[in-house]
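Novice: Below, each chain spelled out in residue letters.
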Amino acid sequence: MTTATEYLWFETKTERAFVRITDRVRDVVRKSGVREGLVLVSAMHITAAVYVNDDESGLLADISAWADRLAPPGDYAHHRTGESNGDAHLKNLLLGHQVILPVTGGDLDLGPWEQVFYAEFDGRRRKRVVVKVLGE
Amino acid sequence: MTTATEYLWFETKTERAFVRITDRVRDVVRKSGVREGLVLVSAMHITAAVYVNDDESGLLADISAWADRLAPPGDYAHHRTGESNGDAHLKNLLLGHQVILPVTGGDLDLGPWEQVFYAEFDGRRRKRVVVKVLGE
Amino acid sequence: MTTATEYLWFETKTERAFVRITDRVRDVVRKSGVREGLVLVSAMHITAAVYVNDDESGLLADISAWADRLAPPGDYAHHRTGESNGDAHLKNLLLGHQVILPVTGGDLDLGPWEQVFYAEFDGRRRKRVVVKVLGE
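Taken in sequence, the protein lines are chains Z, D and R. All you need for our numbering is the position in the first sequence, starting with 1, plus 1001. All you need for our numbering is the position in the second sequence, starting with 1, plus 1001. All you need for our numbering is the position in the third sequence, starting with 1, plus 1001.
FYI, nobody ran anything at the bench for these hints, they're computed from the structure. Keep in mind that a hint or two might mislead.
[To be verified] Derived DMTMM-like pairs: lysine to aspartate or glutamate, alpha-carbon spacing no greater than 25 Å straight-line:
| id | chain 1 | residue 1 | chain 2 | residue 2 |
| --- | --- | --- | --- | --- |
| 1 | Z | K1032 | R | E1037 |
| 2 | D | K1128 | D | D1069 |
| 3 | D | K1128 | Z | E1057 |
| 4 | D | K1128 | D | D1056 |
| 5 | Z | K1128 | Z | E1016 |
| 6 | R | K1128 | D | D1069 |
| 7 | D | K1128 | Z | D1024 |
| 8 | R | K1128 | D | D1024 |
| 9 | R | K1128 | R | E1016 |
| 10 | D | K1128 | D | E1084 |
| 11 | R | K1032 | D | E1037 |
| 12 | R | K1032 | D | E1137 |
| 13 | Z | K1128 | R | D1108 |
| 14 | R | K1128 | D | D1110 |
| 15 | D | K1032 | Z | E1137 |
| 16 | Z | K1128 | R | E1057 |
Full structure from sequences and hints, please.
Specialist: Now the structure itself:
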């Protein structure tokens, strides 16, 4: 069995950002030498998301607007701590903070439109995503 | 370590469909010979979902109506590409596109009411789910 | 390769409860002896959730209220079976029923605010969460 672990760092210039990370994850997989296995891609902060969907600019706008509709900015009990990012915590839960991708034949085993995204909802600070490969 | 990979194909006759796939996943696990491990079940298309819940007809209707309420059909920026399935992309994100099931003693290790579903929101075309077993 | 499987039991005194289980999951990982791998934490019942987010009382209240807003108690087709927990099934889908945590250097590899929660939406009965470690 082989495992490999890398951390992708992000510090987005805007509070909200959608960053396609498929190629960075693929690089970790290839460097690991794993031919058959699984790779976990998981945000280590609870105000960002990691999800898989299409890389199409209209759809990215739709996802952003949808997240605002279902988890709107506003007053949250969490803000009594001095924070103002309650909606970002809920968006993390709505979109999910992690995906597992299959590794087959030494590469990511993705469908034709599947792209991996890091979705930042509380940016302008350094944050990490852990990428962990497990296989042989 | 043993790995096994199979692809389940779907081409639903209706645009929307809920297909119970627990037994098909179990068959892949048994054929793999893995006694202890994990199995990933992941939609390879971004307008379908894979989730675990109860197989009860009323509940399936509730889930379908709920997905329409939170991710309604309508006008989306994504439709400027000529597509009309923006809501299906959001439903994929709402319900999730994958689950990991534990394999214990050579079988799926599920609770009493847990069933695995493939939820199609943009059907009438050929689509795949990848099933990847990893264990020993 | 090493695997280890344990079941965490819950019987909450209230219908709804948020239980932090990070330490219980960490104990399973340490006992397993796995240094590098993955651990699956998955609710075996379809009216509870397992998710990762911050352990802050205001935020827990926000998450609970948000789940009620997006998946409200009410009349569901599922209730024709005699059940009354339709909203709990939808909350399971909204928050997700499982997470995978990376194991690095023999411990959970979590970000600074990441805590694992069991969220009960239909309590006062015995329920389980499966914890399965896989690695070496």
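Novice: All the hints need checking, so say for each whether the structure fits it.
Specialist: How the hints compare with the structure:
1. K1032/Z x E1037/R: Between K1032/Z and E1037/R the Cα gap is close to 17 Å, so the pair holds against 25 Å.
2. K1128/D x D1069/D: With a Cα-Cα distance of about 22 Å, the restraint between K1128/D and D1069/D holds, given a limit of 25 Å.
3. K1128/D x E1057/Z: Since the Cα atoms of K1128/D and E1057/Z sit roughly 20 Å apart, the hinted pair holds (cutoff 25 Å).
4. K1128/D x D1056/D: holds (22 Å)
5. K1128/Z x E1016/Z: holds (12 Å)
6. K1128/R x D1069/D: violated (30 Å)
7. K1128/D x D1024/Z: holds (24 Å)
8. K1128/R x D1024/D: Holds - the C-alpha atoms of D1024/D and K1128/R are around 24 Å apart, at most 25 Å.
9. K1128/R x E1016/R: Roughly 12 Å separates the two Cα atoms, so the pair holds.
10. K1128/D x E1084/D: Distance of about 17 Å is within 25 Å: holds.
11. K1032/R x E1037/D: Measuring from Cα to Cα gives roughly 17 Å; hence the hint holds.
12. K1032/R x E1137/D: Status holds; Cα separation ~19 Å.
13. K1128/Z x D1108/R: holds (20 Å)
14. K1128/R x D1110/D: holds (14 Å)
15. K1032/D x E1137/Z: holds (19 Å)
16. K1128/Z x E1057/R: Holds - the C-alpha atoms of E1057/R and K1128/Z are around 20 Å apart, at most 25 Å.
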